[in-house]
Structures are given as C-alpha cells and as structure tokens.
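Asker: Protein chains in written order, with UniProt numbering: chain A, 1 to 357; chain B, 1 to 357.
Hints are computed from structural coordinates only; laboratory data are not their basis.
Glycine is no exception: its CB is placed at the ideal position from the N, C-alpha and C atoms.
One or more hints might be untrue.
Coverage of chain B stretches by chain A, computed from C-beta distances (three or more under 8 Å per stretch; other residues unrestricted) [what the hints assert, rightly or not]: (1) 23-30; (2) 265-273; (3) 291-302.
Number of protein chains: 2
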Amino acid sequence: MDAIVLHRDHDGPRRTTLPRPEPSTGEALVRTLRVGIDGTDYEVLNGGHGEFPEGQDHLVLGHEAVGVVVDANGTELTEGDVVAPTVRRPTPDGSGREYFERGEADMAPAGTYHERGIVGADGFMAEFFTSPARDLVRVPDRLAEYGFLVEPASISEKALEHAFASRSAFDWSLDSALVLGNGALGLLTLGMLVESVGVERAYCLGRRDRPDPTIDVVEELGATYVDSRTTPVPQIPRRYEPMDLVYEATGYARHGFETVEALAPSGVGALVGVPSPWEFEVDGGALHRDLVLSNKALVGTVNSNVSHFQGAIETLDALPDWLFDAIVTDVVPVDDFERAFTEDESTIKTAIEFSDT
Amino acid sequence: MDAIVLHRDHDGPRRTTLPRPEPSTGEALVRTLRVGIDGTDYEVLNGGHGEFPEGQDHLVLGHEAVGVVVDANGTELTEGDVVAPTVRRPTPDGSGREYFERGEADMAPAGTYHERGIVGADGFMAEFFTSPARDLVRVPDRLAEYGFLVEPASISEKALEHAFASRSAFDWSLDSALVLGNGALGLLTLGMLVESVGVERAYCLGRRDRPDPTIDVVEELGATYVDSRTTPVPQIPRRYEPMDLVYEATGYARHGFETVEALAPSGVGALVGVPSPWEFEVDGGALHRDLVLSNKALVGTVNSNVSHFQGAIETLDALPDWLFDAIVTDVVPVDDFERAFTEDESTIKTAIEFSDT
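Excised from the complex, chain A in its bound form (with noise of 0.2 Å):
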C-alpha cells in the first residue's frame, strides 16, 4: 500500500510501498480516508522533534486522520464507520500503564508513551492503518470529509476543558477571549469559542496583512483580529479590553508571560503551544504579583484523550461548513503529496487523501 514516510536521513516526505498492516486482536482496520497536515509535522519533518520507530529507518507520517472500518476483526466497531484515531500508544515497556488504562493516556509523563506518526510510532499517512478499537472514536457522516480536524480539535477541547475546570471554584463568566495565532488551530479554536461555548466577544492575534485568507475567517466568525505588530500582547487590555480568556497557540514563548498581563481579573491563560528554550528579560515580579492579586491562572495541557475526542466532534458538529471549507485551503490526492507539504500566504491548512468515502 502507498504510504507517506520519513527517512532516518530526514530528507523530507516520501511515498513508499508497505505492506498492508494486519490488526491484532483487539484491533481494527481501516481504510484511510484524509490525513492533515499541523506544524507537529513539520517538526517533524525538520527533525526538531519525534522519533523513529525502533529498529525502523523510516517513520509513517501524520497524527490528524480520518478512515473507515473496512475489517471490525471482533471488536465493537462495525465495517463502514467512519473513525478518528487518538495519537498516543504504550511503550513496550508499559510506564505508562496506569494512565492508558484509565484513559488518561494525555496525562501520562513524557517517556512513557509512544505518539503516532511523531514519536516511537506509525502514523496514519498510509492507505490503511491498525489501531485499538478502543482508540478510534467514531465520527458522524456529516463530518466525515473533515474528520481529520476531530484530532486538533480534541486539542482545544481538552486545554479549555481544564481551563474552565481551574475557574471551577467560583463564579466565572467568559465573556471575552483572545486567541494567541491565527493558523488552522487558532481558526478552529476561535471558531469554537464563538461557535459552540458562545463567548461574546473573541480577538484573534496575528501578523498578517489584508487582504488575508485568515482574517477574513476571523471576521466572517464575527470576532476582531488583533495585529501584534501594532498591538503587542500587552497592549491589548488597554486598546481592545481584558480578556477573560487567552488561548495561546503560537508557541511563540514570550506569548506565555504577555498571556498574564492581556487577562482580566479572575482570567485565565490556556496554553497549548509549545517553544522551544529562549532565555529572556521579564517582570517576573509584577507578573507574580499579578497572577496572586488578580486570582489568575495559567494552564498548560498537551495531547487529548477519547473523552476530548468526543468532545470535539460534538463541538465540531456545532460549527457552520463554510468554516472548515475556509480553514481547508487543499486536500491533495496522495500522487500529489508533495504539494501538501507547500505552504503560500494563502495556505492555512492542507490534507493528504487516501480514499473517499
């Protein structure tokens, strides 16, 4: 079968033929339907994160996928549902058993998982790939074409869920929020921010001038974009208003100080990005300070569990088609793979297809 992998000599993606993988007892297989495409990959790609399957000189690309059961192989699923895989699997050694039992495998510490198509694992850049059942989540047909965004949306549904969960303990209303990033992940967060919770008022921070695909997304959901290059993060209570909420999703590292000072008394700051280490120059007391006088919190989450994947495609379904038709800017056929992994001023996100439904 066609699969889209990366060599251990990281010269970019490349199409191969493997075999058509066997599902184990306990495991079904699909056929792949569309395989996105996020800045992990590229990562990936670049070599600035993941790892090679052990005793593999090649890695399977692609952790955001969508397929159907063509063999149930005895478990629950049925042949023809429509299914997205969640990402992280055991290591061999079983550390992080206790969490993939309970079905916390996003909670497990780092070194104890494997993640598809990133770390130790294949993904699902191939035309069929094996999973646990108890792995695929199943997804509605209205949301087959573009249930390859279950995974990044599981993403948000999980840093949101354990950031209402920090503003649990008291009277907390979100009414205003800002999104850090205006890349498919912001758009889409943005879009269920409006869309699903119903926050009042959103802002989306970027650098870009109009015209632009994606502040056009921006404004079509009805929320403000916000250009850091003339209003910096901490400037934005002062020129827009304090928000109840930030989501960063830059990974731009400053962007998690600047998180304090944009929110409101009793906000909180959801971050999902992730940098790389920079030494830099902050007021690490007034920040301190704040974060205490102001009863603010800053909440980092990784990764998303089958709860959050159910989440998200109830949040999903919740969102109009001409958002994801307008977040999808190219589905490639797989003989074109290479132009999926291009990106222009126009491009925010791109998918690989297998098969169609």
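Chain A is fixed; fit chain B onto it per the hints.
Answerer: Same frame as chain A, but now just chain B:
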C-alpha cells in the same frame, strides 16, 4: 476603648482611645479577643501597602481577628458566639457589588473593595468592632483561643481549593507537596496539608540554621525541611522528588517561576505570596514548554470568603493543639502591644490579646 492604630506619618503602631462603635442595622457588636499579626501588617506599617480610610488621619490595624458577639443587634447571631470576621467590605461607590452579593468578595477586582485593617477601612485591633453579621463566621469553642488563625488558614483553604479545581478535569493524586516559606502561613499550610488533606510526603523550604523552632515544627509534622541555601528550588526534584503541589508563600518573585520546575507532571503551583515588581532573566521558553508538555498549572489567589472561613475552621479543627502552640510564639496583652511587633529568631507568629473568653 483601646485601639492600635497607624497614623498617616507612619511612625509605627500607636495605642489610642477611640469611641466604642455602634452597630448599624445588620451589624453585630463584637468584643475582641485576639488579633494576629502577619506580613501584610508590616507592609501596611512600612507604607508599602494599604490605604487610610477616607477623611481619617489613622487606620485601626489588624485583619486576623477573633471575638465574642456582645450585641447581636437583631441579626442571626447570638450574644456569646465566638466569631472570626472576613476582611473585605464594599466601597461606598458599590463598584464591587455583584461580587459581595454572591459571597465572592475575594474575587472582586482591585479598587472595588476595602480591606479592614489594610485598605481604606479600620481593622480589628480595638477592644470592640462592628461588622455585618454575614461577614462574621462562628468559631467552635475549641478554636476560640486560636480563632485569629482562621483568617490566614482561609487564605490557604482558598488557594488549595482553586489549585485542586485546576486538577479536577482528570484523575490527579496529591502525594507530594512542597511549601515554599517557613513563616506562620507556610507552617500552618504544611500542617493543613499533612493533617487534614493527608499528603503522604510533605516538604517545607526555608533558609534557617538548626536549632530553629520552624524546623522543629516541620519535622514534628513528619515533613522534610529543605534548606534553600543548599538546595535551590529547581534542584528539589533531583535531590528529593518532583512535587504534585507547590504552595508559594514567600512572595519571592523567582519562586513563582521556579515552582514550575519543582512540579511533577500534572502538578500545580498555588501562589499566594505577593512580590513587588522585579525584572530578571528566565528561560521562558523552557518554562512555557514544560507547562504545556507536562500538563502543569499555576494558580494565583488572594483573600478568601465566608465559605473559605468555614472550610478553614473545619480544617483547623483537624489540627493538633501542639501545632497552634508551636506556631503562636507570643500572645501579648494590649498594654504591652509593642512587643507583638518585635521579631527575633524565635518568633513565628504573635497576637495581641484584648480580652479573654
């Protein structure tokens, strides 16, 4: 009646005679038993924090009080009730009204409240005080003597409540906890964590040589004393273990950031210390990355409300008498009030006694 006040010339605490207050409708008259002294009182004395009541040349000090109702004045209280007063009160402009109405004055933004003995309203260091009955929390007889510890304990009650809430979206287990600061609040919180929350392995950070009464309290509680001069906070996970919870009570700004490094995966830092502005260099990239990839959280909290006072009373009631005796190193009659504001190596917490039960 006798009162201990600070004048606008900031020449230290002074004894003066004031008229006995008359309770308004909804208020009770309370005969003061004891009033504790903490770091905030010193900040007020030094002019670093606080505000004089409008139109007054002095501020009655003290915000950690316990007293006996001597005139219930038609409220739901009964003469003879031992009570501890909460600290925040509405400003005349009513800007924080909604927070007071729902019993969450502790979440009100700065500028929308007064704080008795601190910001814009007289405190409790007087033979009598009045207070709205709804801001007086009944204290059981066993705790009457140490009822002035209810207010500081309520600060930790709230901080822990918010910290635990932030970990409520998943299966979190609190096995290891580190308290930064071996002052009265740090030791009281250590006692709460060990004796009431039931944390298995507790640690307390200080910078004192043995023999030292605070180290004795730490060890009597079965906790481990960590000397920050030999083991800086970021080295604690290697030297001891990573912490599920870090409670930051020093207000040393670097600790707010080092807290993240001391945490175990999925851990939470509860910040209650209040630093001043101070710029310094941090590896902001590594910190931000660690928050995200290890699902960590930082939660700042300030003040407390009636529900936290009630929780604190239950929590304190689970603590052994020796702990109160060890933490409260001096109870000074009002004639001798100046002694309560002096500190040496053996001082942990002092209180002024205005009358006895």
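Asker: Each of the hints needs a verdict: does it hold here or not?
Answerer: Verification of the supplied hints:
1. 23-30: violated (count 0)
2. 265-273: It holds, with 5 qualifying residues against the three required.
3. 291-302: Answer holds; 12 residues pass the 8 Å Cβ test.
When each numbered hint is compared with the structure, a violation occurs for hint 1 only.
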